[in-house]
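Asks: Construct all of the structure, not just a fragment, from the sequences and the given hints.
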Amino acid sequence: MTENVSLGMPQLPAPAFPAEVHARLTEDARAIIARYPDSRSALLPMLHLVQSEEGHVTRTGMQFCADLLGLTTAEVTAVATFYTMYRRKPSGDYQVGVCTNTLCAVMGGDAIFEELKAHLGVGNDETTEDGKITLEHIECNAACDFAPVVMVNWEFFDNQTPESAKRMVDDLRAGRTVEPTRGAPLCSFKETARILAGFPDERPGAVEATGGAGPASLVGLRLAKGESPHHRIVHPRGESSGQEGE
Amino acid sequence: MTLAAEINNSSPEKLLAPVLSAFWDQPDSWTLETYERHEGYRGLRKALAMSPDDLIAYVKESGLRGRGGAGFPTGMKWQFIPQGDGKPHYLVVNADESEPGTCKDIPLLFANPHSLIEGIVIACYAIRSNHAFIYLRGEVVPVLRRLHEAVREAYAAGYLGTNILGSGLDLELTVHAGAGAYICGEETALLDSLEGRRGQPRLRPPFPAVAGLYACPTVVNNVESIASVPAILNKGKEWFTSMGSEKSPGFTLYSLSGHVASPGQYEAPLGITLRQLLDMSGGMRPGHRLKFWTPGGSSTPMFTDEHLDVPLDYEGVGAAGSMLGTKALQCFDETTCVVRAVTRWTEFYAHESCGKCTPCREGTYWLVQLLRDIEAGRGQMSDLDKLNDIADNINGKSFCALGDGAASPIFSSLKYFRAEYEQHITGRGCPFDPAKSTAWADNHKEVTA
Chain A
1 MTENVSLGMP QLPAPAFPAE VHARLTEDAR AIIARYPDSR SALLPMLHLV QSEEGHVTRT
61 GMQFCADLLG LTTAEVTAVA TFYTMYRRKP SGDYQVGVCT NTLCAVMGGD AIFEELKAHL
121 GVGNDETTED GKITLEHIEC NAACDFAPVV MVNWEFFDNQ TPESAKRMVD DLRAGRTVEP
181 TRGAPLCSFK ETARILAGFP DERPGAVEAT GGAGPASLVG LRLAKGESPH HRIVHPRGES
241 SGQEGE
Chain B
1 MTLAAEINNS SPEKLLAPVL SAFWDQPDSW TLETYERHEG YRGLRKALAM SPDDLIAYVK
61 ESGLRGRGGA GFPTGMKWQF IPQGDGKPHY LVVNADESEP GTCKDIPLLF ANPHSLIEGI
121 VIACYAIRSN HAFIYLRGEV VPVLRRLHEA VREAYAAGYL GTNILGSGLD LELTVHAGAG
181 AYICGEETAL LDSLEGRRGQ PRLRPPFPAV AGLYACPTVV NNVESIASVP AILNKGKEWF
241 TSMGSEKSPG FTLYSLSGHV ASPGQYEAPL GITLRQLLDM SGGMRPGHRL KFWTPGGSST
301 PMFTDEHLDV PLDYEGVGAA GSMLGTKALQ CFDETTCVVR AVTRWTEFYA HESCGKCTPC
361 REGTYWLVQL LRDIEAGRGQ MSDLDKLNDI ADNINGKSFC ALGDGAASPI FSSLKYFRAE
421 YEQHITGRGC PFDPAKSTAW ADNHKEVTA
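Chains A and B supply the protein sequences, listed in that same order. With my numbering, letter number 52 in the first sequence gets 52, and the count goes up by one each step, no holes. With my numbering, letter number 273 in the second sequence gets 273, and the count goes up by one each step, no holes.
Bear in mind the hints are in silico, worked out from the structure with no lab data behind them. Hints are not guaranteed to be accurate.
[As the list claims (entries may be wrong)] The list that follows gives simulated cross-link-like pairs (lysine-lysine, DSS-like), each with its CA atoms no further than 25 Å apart:
#, chain 1, residue 1, chain 2, residue 2
1, B, K436, A, K117
2, A, K166, B, K436
3, B, K237, B, K14
The structure presented is a predicted model; accordingly, all values stated were derived computationally and were not measured.
Replies: Structural data, given as structure tokens:
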């Protein structure tokens with residue numbers, strides 16, 4: 001990340017949040033700090049909190065965390081730059097993350113990522129001109145049985161294809177409602193960051209959205225209950241397995 | 001063998017044992033009401049009727065071993081917590097599921113979060129803890145929502161808070177979302193992260209049982225380990241040990257993924273084989289055969305089709321030269337380039353190396369450089385020995401297991417597929433077409449046929 005390293009004069013202290021914002025965030029931060037026996041444990045959630053205010057972690061946000069926790073800005077910066085979920089530059093309302101770890105990549109994640117780059121005209125960690133979408137490749141997100149997986153604001157879009165992913169980003173840019181295969185109807189990146197700070201999603205229906213376990217999570221259970229045809233013979237080449245294709 | 005006997009031997013009803021996943025197909029499976037309807041919080045009542053020491057002994061006797069990868073006996077971890085030391089004790093649940101291929105805890109928490117919460121209350125009663133934490137990786141907001149809701153329900157029902165079920169146990173449970181760092185799955189890095197620091201592993205000793213969170217005695221357990229405890233209490237240790245083997249008793253979640261006909265979660269007694277799982281679930285995708293697979297995520301040395309009959313328990317997989325790990329059975333067929341797969345995994349380890357120790361930080365960097373060259377057809381034969389040599393300098397010489405994990409795919413792929421590496425070098429490029437490996441590759445073929 002050398003391109004982000006400034007070698008010039010030390011920067012002036014970060015400007016503070018406006019008074020109203022400062023008061024509101026302080027109240028939230030106090031609630032976070034109260035969850036822990038030691039206040040410093042609140043730092044990760046508080047970084048999510050300041051990210052929920054500005055869309056990325058700014059020097060102002062880090063100064064705010066340092067002041068409330070009695071840390072130096074150097075200590076806070078060291079933490080904020082260690083974790084990949086904290087953004088360090090302004091980005092889009094929707095973070096579209098394509099899993100390109102081995103299994104998803106092989107199953108089509110690489111192709112999806114390439115096609116989205118071309119379709120959106122952006123590279124990795126870049127944002128579309130309308131400010132809607134930041135495209136990223138991400139690491140394994142614990143949904144390998146739903147590969148290839150795309151995450152949007154950390155909601156699951158399972159079993160994607162280049163076509164379904166392109167349709168999804170088009171819908172997002174057009175302002176149409178987009179629903180994940182597992183998770184709640186999309187909220188903005190800032191609103192997502194607030195949930196990550198530990199404030200439950202208050203939207204009606206958000207918890208129960210998309211129902212219980214996803215289809216792949218149930219295949220073993222259905223077999224054990226005798227609800228699925230019991231396979232004994234591997235299908236010969238070319239025969240349809242009955243799986244749905246895109 | 002008669003046909004009937006053959007079917008019986010491989011019938012899923014016989015081979016599988018859904019416990020944690022038993023009611024995932026019920027409507028609103030994640031709610032307290034559904035959980036209680038399926039014998040939820042009964043194990044807790046039995047546990048609270050025992051003394052904490054008896055409870056620890058009971059879990060120890062059940063033989064439950066950690067489901068997060070290392071397989072350490074859960075009851076023994078609890079027993080290591082010093083008692084009467086006057087310090088607060090903590091339980092920290094490792095829900096930072098990030099090992100490539102691993103996808104069991106996230107669906108478990110999405111569909112059945114109360115099994116974890118009940119297990120947490122039982123464990124805290126045993127180790128005399130009044131504050132527990134769930135460290136959930138941040139990138140799974142749907143699961144975070146359900147955990148927030150489940151914790152709220154549990155407080156409202158009196159399963160958390162003060163004087164739980166009249167037992168005198170007080171317990172606070174905090175759900176803590178991480179911020180994106182694979183290394184935080186390592187238990188001491190997780191503790192540093194939970195303390196608001198960079199997630200870097202700690203020197204041991206002291207072990208977390210002596211000086212863990214805030215330098216106090218701490219148990220760190222995997223989600224599935226803790227979630228398995230209520231059923232053991234409710235149905236009895238004899239029921240638990242009737243499954244699996246003597247050293248690897250019980251049930252567990254196997255996660256089948258990749259080029260298989262039916263990827264997903266299969267809960268079974270320990271010791272089932274990949275052949276049995278594939279046979280019952282339709283095998284590899286139509287027209288393809290298994291080339292290589294991981295028994296427990298990318299950090300466990302890969303297997304080939306020679307290993308289809310290895311019993312998938314701690315001893316069986318160990319004896320065959322790998323590790324049970326997280327039982328993440330990533331299956332790749334003959335269309336997959338092993339050099340591409342290993343390069344990508346190695347890029348992951350290089351990206352996730354925390355930078356604390358030199359062998360891992362530098363070694364993974366150089367492995368990536370060599371592998372990218374080989375994959376692109378710019379490698380030399382001497383690079384293969386160099387790969388082995390660098391991996392050898394990481395393995396066992398790094399600060400934590402991330403380094404060992406990074407070396408595993410290198411060693412094992414060179415062992416089984418050295419010829420394929422050589423092919424990339426002599427042929428000046430990759431002989432595989434990645435389009436043939438995609439999930440939709442054969443759909444297209446059917447259309448054009």
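Asks: If a hint holds in the structure, say so; if it doesn't, say that too.
Replies: Hint check:
At roughly 21 Å between alpha-carbon atoms, B/K436 and A/K117 fall within 25 Å of each other, so this suggested pair holds. Under the criterion of a C-alpha separation no larger than 25 Å, the hint pairing A/K166 with B/K436 is consistent with the structure, at around 21 Å. In summary, the hint linking B/K237 to B/K14 is supported, as the alpha carbons are separated by about 20 Å, within the 25 Å threshold.
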